[in-house]
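Engineer: For reference, the chains in residue letters:
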Amino acid sequence: MKKILFSVVLMLVALTALAERKELHILSANDMHAAIECFPRLGFIADSLRTLYPDLLILSAGDNRSGDPKNDMYEIPAYPMVSLMNIVGFHATTLGNHEFDSGQEGLAKLINMSAFSTLCSNVHPDPKWKINLRPWQKFDCGGLTVGVIGVVQLGSMGIPESLPARMTDISFTQPLETIKQYEFLRKECDVVVLLSHLGFPTDVEISKDLPWVDIIVGGHTHTQLAGGEMHNGILITQNVNRLQRVTHSTIVVEDGKVVSKKAENIAVRGEKNENKAVAELLKYFQNNPAFERVLAQADTPFLVKEELGCMVTDAYMTESGAEVSYQNAGGVRYETHAAGDFTVNDVLMLDPFQNQMMLADVTGKELVEMIIACYDNDGQRFPYVAGMTAEYSLDPATNKIKKLTLYQLDGKKLNLKKTYRLAINNYALAVSPTNRKDQGRPTGEVTSDLIIRYLEHQGHVNYQDRRCLKVVK
Amino acid sequence: MKLKINRKTIEVFEGAQVRHALLSYFALKGLDVSQVERLVVFDRWGHEIDLDAPASAHEVIKYRTRRK
Chain A
1 MKKILFSVVL MLVALTALAE RKELHILSAN DMHAAIECFP RLGFIADSLR
51 TLYPDLLILS AGDNRSGDPK NDMYEIPAYP MVSLMNIVGF HATTLGNHEF
101 DSGQEGLAKL INMSAFSTLC SNVHPDPKWK INLRPWQKFD CGGLTVGVIG
151 VVQLGSMGIP ESLPARMTDI SFTQPLETIK QYEFLRKECD VVVLLSHLGF
201 PTDVEISKDL PWVDIIVGGH THTQLAGGEM HNGILITQNV NRLQRVTHST
251 IVVEDGKVVS KKAENIAVRG EKNENKAVAE LLKYFQNNPA FERVLAQADT
301 PFLVKEELGC MVTDAYMTES GAEVSYQNAG GVRYETHAAG DFTVNDVLML
351 DPFQNQMMLA DVTGKELVEM IIACYDNDGQ RFPYVAGMTA EYSLDPATNK
401 IKKLTLYQLD GKKLNLKKTY RLAINNYALA VSPTNRKDQG RPTGEVTSDL
451 IIRYLEHQGH VNYQDRRCLK VVK
Chain B
1 MKLKINRKTI EVFEGAQVRH ALLSYFALKG LDVSQVERLV VFDRWGHEID
51 LDAPASAHEV IKYRTRRK
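Top line first, the protein sequences correspond to chains A and B. Each step along the first sequence adds one to the number in our numbering, with nothing skipped, and position 262 is 262. Each step along the second sequence adds one to the number in our numbering, with nothing skipped, and position 9 is 9.
Pair ranges (Cβ atoms, derived):
# : chain 1 : residue 1 : chain 2 : residue 2 : range
1 : A       : ALA279    : B       : THR9      : 45 to 53 Å
2 : B       : SER34     : A       : GLY411    : 30 to 38 Å
3 : A       : LYS272    : B       : THR65     : 24 to 32 Å
4 : A       : LYS403    : B       : SER34     : 24 to 32 Å
No more than 16 Å apart at the CA atoms, straight line, and that leaves these computed lysine to aspartate or glutamate pairs for EDC-like:
#  : chain 1 : residue 1 : chain 2 : residue 2
5  : A       : LYS437    : B       : GLU14
6  : A       : LYS437    : B       : GLU11
7  : A       : LYS138    : A       : GLU188
8  : A       : LYS208    : A       : GLU177
9  : B       : LYS29     : A       : ASP376
10 : A       : LYS400    : B       : ASP32
Just a few of them, taken from the derived set where beta-carbon distance is under 8 Å, the chain B residues facing chain A:
#  : residue
11 : PHE13
12 : GLU14
13 : GLY15
14 : HIS58
No lab work stands behind these hints: they were computed from the structure. Keep in mind it's a predicted model, so treat the numbers as computed, not measured. Even for Gly, the Cβ is constructed at its ideal location relative to N, Cα and C.
Given these sequences and hints, build the entire structure.
Structural biologist: Have a look at this one:
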């Protein structure tokens, strides 16, 4: 009996030794938001991991663009990110809602320039856009067949959160129902990856309905997980945005079955060691001469900040088709500007925050309340205005606004009951929280884009002695 | 669009980031809005999220001041 038992144990040991053990290594990023400056470091991390694991799979969970004008305002918007992702060796990305910021044609162009695949199962563009998407793709990673399915979140309007006009003639299907159509990949692949731009809460929610998925590489909510988290048997990963960290996931497969999975964070931003080739490419994009382009001539110098503030609000109002505008004083970042050339770089230094342009329909009374709130919350600095002038008095003890009167440009008082279309940046809107009907909506444009367009349309500007604010005692 | 910050419900505009929700919250509470950039923000499970995160993706957030 002892001999038989011993033989059985020996056989089991031998079988275990024969079991085929393979590892899949994934390097994943999410919500990079045009953090091009981090790519030399990311290139180094990818190279290091590839040295150890030659079949490393590199994935992005979407929102690669929108966050740095050097990327987003490139001649082909967002091409620097595509180029840098190509050189680092990304295999696939899914679409984030911000990938639609390029519009249909812009997105099609970027995908065609990508050396990696764009996978998104619930986005169905009309063929006329020539958007080269695939719902899923199989990758051979050192003998392991890895199925990757992409998916993007849908907002309350049933489309990803971007400007609806940029999604005309693109249809969208509900994420979970769509993903379920690809369950056949379980039979055909050793590992199934869901590349998700749904956000962490949704990833957790859907994990209970997708027992055949091994790992969800997530994005959208900018959630910092400690490596990864197991939910309903699925490993979920995600990091905060702009390449502060990436995730290295290891999935062990024995005899065609996933037997273990784990993930760890790797710091990117601010760390040493860079890939020099990637650093050179970055330098090329950062020194883009297009940013020295002259937009307009300042016929006279801007001698006080209010003159620049007036120009900024004029630009917001004119280029967004609004009737009035105001801008928090702290958002105008320099005091003076010489006569002569006004370049793209000058605009990006004047308005560097990549704020979004917003529109709100507000009554004259609501506008007065908003401006007072903005003054109180922006360090008691009065905002610059356009389409109107402001006359106000201050309480000498508290420095709070005692009385504020807004005037139309013809000198008549603004009608407190009339509704005006207001153009405002999203920061100023956030620090002007009042009880009003219309909380505001994004136009889908960055405010500096409107200033650039305004200057190009004007050709020449003259704001000498222009004043929009008057303090009365 | 509404979300809860430290148990207070805040209404924010469409397309707002977590930053904008906190700016409105601080403004309504009469707190110094310049402190918002120094906050560490967490989701309902206690995971850290960044200020650029879309407000629409979070129903509840909490914050604390970053330790020096």
